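Chains B and C: place on chain A using the hints.
Residue numbers (the numbering used here), protein chains in the order written: chain A, 1 to 290; chain B, 1 to 347; chain C, 1 to 267.
FYI, nobody ran anything at the bench for these hints, they're computed from the structure. Predicted, not measured: the structure shown is a model, and the values here were computed from it. Glycine is no exception: its CB is placed at the ideal position from the N, C-alpha and C atoms. Just to be clear, a hint being listed does not mean it is correct.
What the hints assert, rightly or not - Chain C stretches covered by chain A per the calculated footprint, using a threshold of three residues with CB under 8 Å from any CB of chain A:
id : region
1  : 10 to 23
2  : 34 to 45
3  : 104 to 117
4  : 155 to 163
5  : 198 to 204
6  : 212 to 221
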Amino acid sequence: MRWLTLMEKLRSPLMVLPAVGVIVILFFGGLLVGLQQSLGYFPAIDSYEVTLRYYQDVLSDPIFFESLWQTFRLALLSTVMSSVLAIALALVLRDTFKGSRFFTFMFQLSIPIPHLVAAAGIVLLVTQSGLLARGAYALGLIAAPRDFPVLVFDRAGIAIQLTYLWKEVPFIGVVVLAVLQGIGPQYEEIARTLGANAWQRFRYVLLPLIMPGVLSTSIIVFAYVFSSYEIPLLLGVRFPTTLPVLAFQNYQDPDLAQRPQAMAMSIILTVIAIVLLIAYKRLAKYTVSR
Amino acid sequence: MSSVVLRDLTRRFGSVTAVDRLNLEIESGELVAFLGPSGCGKTTTLRMITGLLLPTSGDILFDNKSIITVPTEKRGAVMVFQKHLLFPTMSVGQNVGFGLKMQGIAKQEIERRVDEMLELVKLPGFAKRRAHELSGGQQQRVALARALVVRPTVLLLDEPLANLDANLRLEMRELIRSIQRELGITTVFVTHDQEEAVMLADRIALMFDGVLQQYDVPHSFYQRPKTVRVAHFFRNDNLLAGVRRGEVIETAVGQLRIDPTHVTQPDGKVLVSVRPEDVQLTPKLGDSNCIEAKVLLQVYMGTHTQIQLDVAGHTWLVHGPAEWHVNVGEMITLQLPQARIWLLPTA
Amino acid sequence: MKKALRWVILIGIVIVSIAPILPQFIWSFSHRWLFPALLPTTWSTEPWEYVMTPSSRVGEGFANSLAIAVVVSIFSILVGLPAARALALHDFRGKSAVEWLLMVPIIVPGIVATMGIHQVFIRLNLTDTFIGVCLVHLIPCIPYMVLVMSSVFANYGTDLEDTARTLGAGPLNVLRYVTLPGILPGLLVATMFTFLISWGQYITTVLIGGGVIITLPMVLFPFISGTNYATAAAVSLIFVAPAVLVLFFTSRQLGRESSVMGGFGRL
Numbered sequence: 001m002r003w004l005t006l007m008e009k010l011r012s013p014l015m016v017l018p019a020v021g022v023i024v025i026l027f028f029g030g031l032l033v034g035l036q037q038s039l040g041y042f043p044a045i046d047s048y049e050v051t052l053r054y055y056q057d058v059l060s061d062p063i064f065f066e067s068l069w070q071t072f073r074l075a076l077l078s079t080v081m082s083s084v085l086a087i088a089l090a091l092v093l094r095d096t097f098k099g100s101r102f103f104t105f106m107f108q109l110s111i112p113i114p115h116l117v118a119a120a121g122i123v124l125l126v127t128q129s130g131l132l133a134r135g136a137y138a139l140g141l142i143a144a145p146r147d148f149p150v151l152v153f154d155r156a157g158i159a160i161q162l163t164y165l166w167k168e169v170p171f172i173g174v175v176v177l178a179v180l181q182g183i184g185p186q187y188e189e190i191a192r193t194l195g196a197n198a199w200q201r202f203r204y205v206l207l208p209l210i211m212p213g214v215l216s217t218s219i220i221v222f223a224y225v226f227s228s229y230e231i232p233l234l235l236g237v238r239f240p241t242t243l244p245v246l247a248f249q250n251y252q253d254p255d256l257a258q259r260p261q262a263m264a265m266s267i268i269l270t271v272i273a274i275v276l277l278i279a280y281k282r283l284a285k286y287t288v289s290r
Numbered sequence: 001m002s003s004v005v006l007r008d009l010t011r012r013f014g015s016v017t018a019v020d021r022l023n024l025e026i027e028s029g030e031l032v033a034f035l036g037p038s039g040c041g042k043t044t045t046l047r048m049i050t051g052l053l054l055p056t057s058g059d060i061l062f063d064n065k066s067i068i069t070v071p072t073e074k075r076g077a078v079m080v081f082q083k084h085l086l087f088p089t090m091s092v093g094q095n096v097g098f099g100l101k102m103q104g105i106a107k108q109e110i111e112r113r114v115d116e117m118l119e120l121v122k123l124p125g126f127a128k129r130r131a132h133e134l135s136g137g138q139q140q141r142v143a144l145a146r147a148l149v150v151r152p153t154v155l156l157l158d159e160p161l162a163n164l165d166a167n168l169r170l171e172m173r174e175l176i177r178s179i180q181r182e183l184g185i186t187t188v189f190v191t192h193d194q195e196e197a198v199m200l201a202d203r204i205a206l207m208f209d210g211v212l213q214q215y216d217v218p219h220s221f222y223q224r225p226k227t228v229r230v231a232h233f234f235r236n237d238n239l240l241a242g243v244r245r246g247e248v249i250e251t252a253v254g255q256l257r258i259d260p261t262h263v264t265q266p267d268g269k270v271l272v273s274v275r276p277e278d279v280q281l282t283p284k285l286g287d288s289n290c291i292e293a294k295v296l297l298q299v300y301m302g303t304h305t306q307i308q309l310d311v312a313g314h315t316w317l318v319h320g321p322a323e324w325h326v327n328v329g330e331m332i333t334l335q336l337p338q339a340r341i342w343l344l345p346t347a
Numbered sequence: 001m002k003k004a005l006r007w008v009i010l011i012g013i014v015i016v017s018i019a020p021i022l023p024q025f026i027w028s029f030s031h032r033w034l035f036p037a038l039l040p041t042t043w044s045t046e047p048w049e050y051v052m053t054p055s056s057r058v059g060e061g062f063a064n065s066l067a068i069a070v071v072v073s074i075f076s077i078l079v080g081l082p083a084a085r086a087l088a089l090h091d092f093r094g095k096s097a098v099e100w101l102l103m104v105p106i107i108v109p110g111i112v113a114t115m116g117i118h119q120v121f122i123r124l125n126l127t128d129t130f131i132g133v134c135l136v137h138l139i140p141c142i143p144y145m146v147l148v149m150s151s152v153f154a155n156y157g158t159d160l161e162d163t164a165r166t167l168g169a170g171p172l173n174v175l176r177y178v179t180l181p182g183i184l185p186g187l188l189v190a191t192m193f194t195f196l197i198s199w200g201q202y203i204t205t206v207l208i209g210g211g212v213i214i215t216l217p218m219v220l221f222p223f224i225s226g227t228n229y230a231t232a233a234a235v236s237l238i239f240v241a242p243a244v245l246v247l248f249f250t251s252r253q254l255g256r257e258s259s260v261m262g263g264f265g266r267l
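For reference, chain A alone in the conformation it holds in the complex (with noise of 0.2 Å):
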């Protein structure tokens, strides 16, 4: 009996030891070898002291800033207008009519396409020479390549935003999709009743009701391009470039040194994006109380 309740008591830990294991050693260790590098234990080359040096280093770089505010600001931009979008889509979507999973379909197309493929896509599309540009001169509309705005390699990241946009609006959009669908029409025709026009059904009834699903999708999103590397890299300016790509590049640097710097820079991103998760959670426990 002693032994069955000692099964019982050991079952939940067993079955997620394996996920936790891996994840604490690969994930946490990882994190944890970069913390060390960043406050200077770097056996490598022969650094074992524990200062805070690199952190100065890295806070006073006014590089590091820019591209901290160039990071969040795709990130919060490329969320937002995904999230809006994504909402206003997945009302069309929601209902049933002719063709409607065609629609639901062609909605859904990008959620499995590689990133680099879209960005791919968008650069085809909308540099100076691109389909857009291209289509423009055959309708009149400019005269010459130069004619059409710079979108790619452009400080504020048009394209990169772009690219995101076509991958994260199904992807939140499809999540809606299913919260909306879990939620069915009653809510909406009680508010109806009693009197609410299409726009308050909309602001006080379904949309307190998406939000959860929304404001959860959106911190995958944020946090989705806030580590973004290789679009950023493709279709970015060089400065002021992503947080990532910025460390990465000091990583790599031949120059050992510069690597605790890097980890500095990585362990900073950390530190943001658990505030932001933490953010997250309180504010999702304080809409969500249900």
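Using the frame of chain A, we list chains B and C on its own:
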């Protein structure tokens, strides 16, 4: 409060006719039940009254004015659903005040009327609670308060008691009845439970397959059902084929005398019907309308005993005293009181 | 009016969905396509011929990407399923800590841990190896598997399993006849996500694979940055093919199984 008139109201879903040329008048302040088995079109009708569903044809009038083009949110026909009752993102007070907020009424006024309404549904001081903290019965009452607070022209309740247990049902039934009386709101509720309809409603509209079968006071469904189907729905399957000639019905088990002022079927082929509780099991010598029946089965029901009988090839149910005992296969004599015999058309 | 607006939006969705992909078909068959021509002036199958040669390393990249994604997906299922189940259906001490541990890798940039791991892997001789790359891909894949599947398990519940057990089914039979068929639609979507996450990894592979383990995104990247668009388009299309195939098989679940996508809504 308004009167409601449904005129030739029809709704088709593809090739299926959910509601077929429904004509109905509900007086102002009346409490009407839409009764019928699931899929009979009663909820469809309710949704058409709210405007959530457009009729295929026909008209709906509130106070003799057609409101068919008025959108749901401006009709004032408020619906209380059977589930998904309260907005989960709002407190009880916010739920009740929702309709008022939509009208742009001042916050203080909303609070005052919300408190008043919560008082009425016997949940004073519940405004700050979250919806999920409430029991099913309490949620139901909040939903009712939320509907009532906007002073609806018509209150529509979709199976209001369906998700409640037996005790709560009773309580809720009385609450609905008393509030409805007090406020005099024209109310329509949908149910599949004939007892519920009988106990609550002023009038019942019985529907089968999208067609109105009978619209009458509850009493009539027991004593004067229009068809065999209506009688069956109200648990009366005691039928006996016969031919009416004036005050006499010729049947296979002998002649029966009827009260000609009570029945409506003309001379000719008819079905004799007597409710289970109206059949007399202990006839006195010399009583008229006595017939012989064979006992098929006896079931003890606690407050009474139910006996299944064979009457000239028809299966009848009758009620006897709880302590009554008969043997299966035994022949017994029944007496059918003259004033309780109702005649139905043959199908 | 409202209907017209809806159709405009729907058609817009279709156009925007295919706009970055469809032109790549044309591009991959182009030889000479200069501004402002709307279609290539000279056509060619050259990009495709080049892609088929071993020196393009597309075949090698494809094989590596596929093998890594499959291994990572299988391992994610094996490790992730029990964890997802425990988190969804059981209460135990430290549960919220476990939830946090498994959530953080979704939020924290992958590059951070990868740089740390890189140092450890150098010492363990795991850099430049297939296994090393698989291991580093597991970091984002396992959390997603757990996230999606715990939602699926929570939605599926235990009633059917309990019924089967009272009917005499042993643990293995319950798994085989009740649990697996029940969660299969969700598992398919979750596996699709882990597959695609691994399939799309770039910088982690570059770092740990050290240029020895070449995957498709690594082949594609220089073609895009080098503005060799015709070849880039051809490689892109090869890169996309399995992904679209996967969507084709899972799109029904994606739309229908609200519990699956709902998982992302319950981070």
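Now the hints, each set against the structure:
Figure legend: the region 10 to 23 of chain C, annotated as covered by chain A; annotation consistent (10 residues with Cβ-Cβ distances under 8 Å, at least 3 required). Counting residues of the region 34 to 45 of chain C whose CB falls under 8 Å from any CB of chain A gives 5; the rule of at least 3 is met. With 14 residues having a beta carbon nearer than 8 Å to a beta carbon of chain A, the region 104 to 117 of chain C meets the requirement of three or more and the stated coverage holds. Given as covered by chain A, the region 155 to 163 of chain C fails the check, having 0 residues with a CB less than 8 Å from a CB of that chain where 3 are the minimum.
Coverage of the region 198 to 204 of chain C by chain A holds [criterion: at least 3 residues with CB-CB distance below 8 Å; count 4]. Residues of the region 212 to 221 of chain C with a Cβ under 8 Å from some Cβ of chain A number 3, which satisfies the need for three, so the listed coverage holds.
Checked against the numbered hints above, the structure breaks only hint 4 and satisfies the rest.
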